[in-house]
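Protein sequence lines correspond, in order, to chains A and B.
Take the first sequence: its position 25, counting from 1, is numbered 25 in the working numbering, and each next residue is one higher.
Take the second sequence: its position 73, counting from 1, is numbered 73 in the working numbering, and each next residue is one higher.
Don't take each hint at face value.
Result set (BS3-like, lysine-lysine): computed pairs, CA atoms no more than 30 Å apart in a straight line [what the hints assert, rightly or not]:
#, chain 1, residue 1, chain 2, residue 2
1, B, Lys222, A, Lys85
2, B, Lys94, A, Lys155
3, B, Lys162, A, Lys95
4, B, Lys162, B, Lys138
5, B, Lys138, A, Lys85
6, B, Lys222, B, Lys162
7, A, Lys85, A, Lys95
8, A, Lys155, B, Lys98
9, B, Lys94, A, Lys85
10, B, Lys98, B, Lys222
Bear in mind the hints are in silico, worked out from the structure with no lab data behind them.
Since we're looking at a predicted model, the values are computed, not measured.
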Amino acid sequence: MIRDRSGTPTRILASLVLGLGAAAPVSAHHNPASHYLIEDMITVEGVVTEFRLINPHARIYFDVTPAGGEVQHWFAEGNAAGVLKRRGWSTDLLKPGTFIRISGYPARDGGHKLDWKVIELEDGTVLRGGNTVGVEKELLLEDIDRRRELEQAEKTPD
Amino acid sequence: MSSKYPLSTLKRVLELVRRRSGAIPTLLLAATWLDAAPVNADSPSDLEGVWVTVLVAFDDPRWRIADLVCARTGCSVEGYAYLQSLLDDPESAKRSTKEVVADMEAYQRRFNDTLLTPLARQRQEEFDPSEEASLDCKPDGDGLRHQVLAPLPLEIEQHEDKVILRYEYWNAERTVHLDEENHAEDGEPSRLGHSFGRYEGSTLVVETAQLLPAVTGIPNDKPLMLSPDARAVERYSVSEDGQSLDLTLEIIDPSNFTQPFQSYRRMLKAPDWELDTFVCESITGEY
């Protein structure tokens with residue numbers, strides 16, 4: 001149909017499982033390799049001070065207290081709010097005071113920041129929602145394996 | 001077989017792979033996938049409505065496995081077709097996705113190695129990350145390729161004299177002028193450039209130039225600044241059942257690429273979706 005004037009789109013109804021299918025943008029808003037060491041991976045534990053569900057990348061601010069050391073202020077960068085909200089994320093997901101164990105690419109400049117891959121909460125809940133190309137590769141491929149197995153099973157006669 | 005996909009886009013894909021990869025038996029299987037008759041070849045595709053990506057609708061059963069894989073890697077036209085041929089091979093059912101994708105990535109690397117010019121490699125070595133202007137919520141640094149292949153939904157409006165491409169990503173909007181056949185000689189460069197287009201059979205073909213130089217992460221995941229001479233050709237067509245949109249994007253930039261750099265994306269019709277407002281918050285100063 002070719003219209004002669006604009007129409008009005010209908011309301012979104014998206015039902016998505018939190019964290020499932022957390023693929024990364026084909027073209028990240030800024031290139032991760034510019035800011036992060038994408039060949040390395042670190043894990044740190046801390047307590048959330050603020051979660052910003054924003055574009056171009058969601059951000060988690062958290063405090064890390066090394067044994068016998070002073071508190072370090074960190075932040076982690078994830079996928080865009082536009083993607084995460086459609087996967088069921090909300091600002092209530094990581095309230096201030098929440099313990100997190102977070103893994104991702106470390107910063108090139110050695111600062112207290114990372115490009116997150118996966119977040120584990122104190123109760124064992126695992127969150128994904130990372131941003132960069134490659135950061136969730138292993139997890140995504142496992143998801144796809146499961147989907148392929150289902151498709152193969154459907155093709156196989158009883 | 002019944003025709004599920006428009007010939008205009010997909011058969012071109014296969015032809016490109018055949019030409020560049022030689023005789024690869026598994027590609028015969030891709031031929032089956034691609035061997036479909038044109039869909040209403042003489043009339044424009046119905047592109048109207050909202051189209052979504054894997055990134056926001058992973059669970060939709062209409063995706064092909066190749067779509068899911070390419071959501072992460074950003075496949076070239078050739079890479080997508082090659083991957084599809086591997087997945088269609090019954091032998092692949094015994095292999096993990098990781099193994100199949102490794103084969104595809106090796107194939108892709110061989111192709112990419114020939115794509116960059118020496119000047120492009122030099123530009124990559126000299127690239128300064130601070131050139132990525134988009135960190136301050138001004139989308140200036142996000143060029144046409146990032147916009148066209150954005151992870152967020154796209155809405156298309158077709159008019160007699162123009163096509164409107166409206167993106168959730170950066171709340172951007174492009175007008176493709178169907179009543180023009182050239183770019184104005186005195187046109188000012190802009191982030192998304194100037195676009196005119198036409199229908200070739202059922203396929204919308206969009207030509208864009210007058211682009212501001214922008215960073216892209218292709219084809220080897222290293223940042224590369226496209227030149228002021230870069231231009232683009234996009235092709236949009238819809239499957240016979242109206243459920244999927246095939247999009248190919250060619251970036252032509254001779255100082256960087258030895259041949260047009262092509263990307264392929266499949267999107268799904270999402271009549272119940274609407275674009276959300278892209279609210280951006282500056283992260284300048286935290287790097």
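Evaluation of the provided hints:
no. : hint                : in the structure
1   : B/Lys222 x A/Lys85  : 29 Å, holds
2   : B/Lys94 x A/Lys155  : 14 Å, holds
3   : B/Lys162 x A/Lys95  : 47 Å, violated
4   : B/Lys162 x B/Lys138 : 27 Å, holds
5   : B/Lys138 x A/Lys85  : 22 Å, holds
6   : B/Lys222 x B/Lys162 : 36 Å, violated
7   : A/Lys85 x A/Lys95   : 16 Å, holds
8   : A/Lys155 x B/Lys98  : 21 Å, holds
9   : B/Lys94 x A/Lys85   : 36 Å, violated
10  : B/Lys98 x B/Lys222  : 23 Å, holds
In terms of the numbered hints stated before, the structure departs from hints 3, 6 and 9, listed from lowest to highest.
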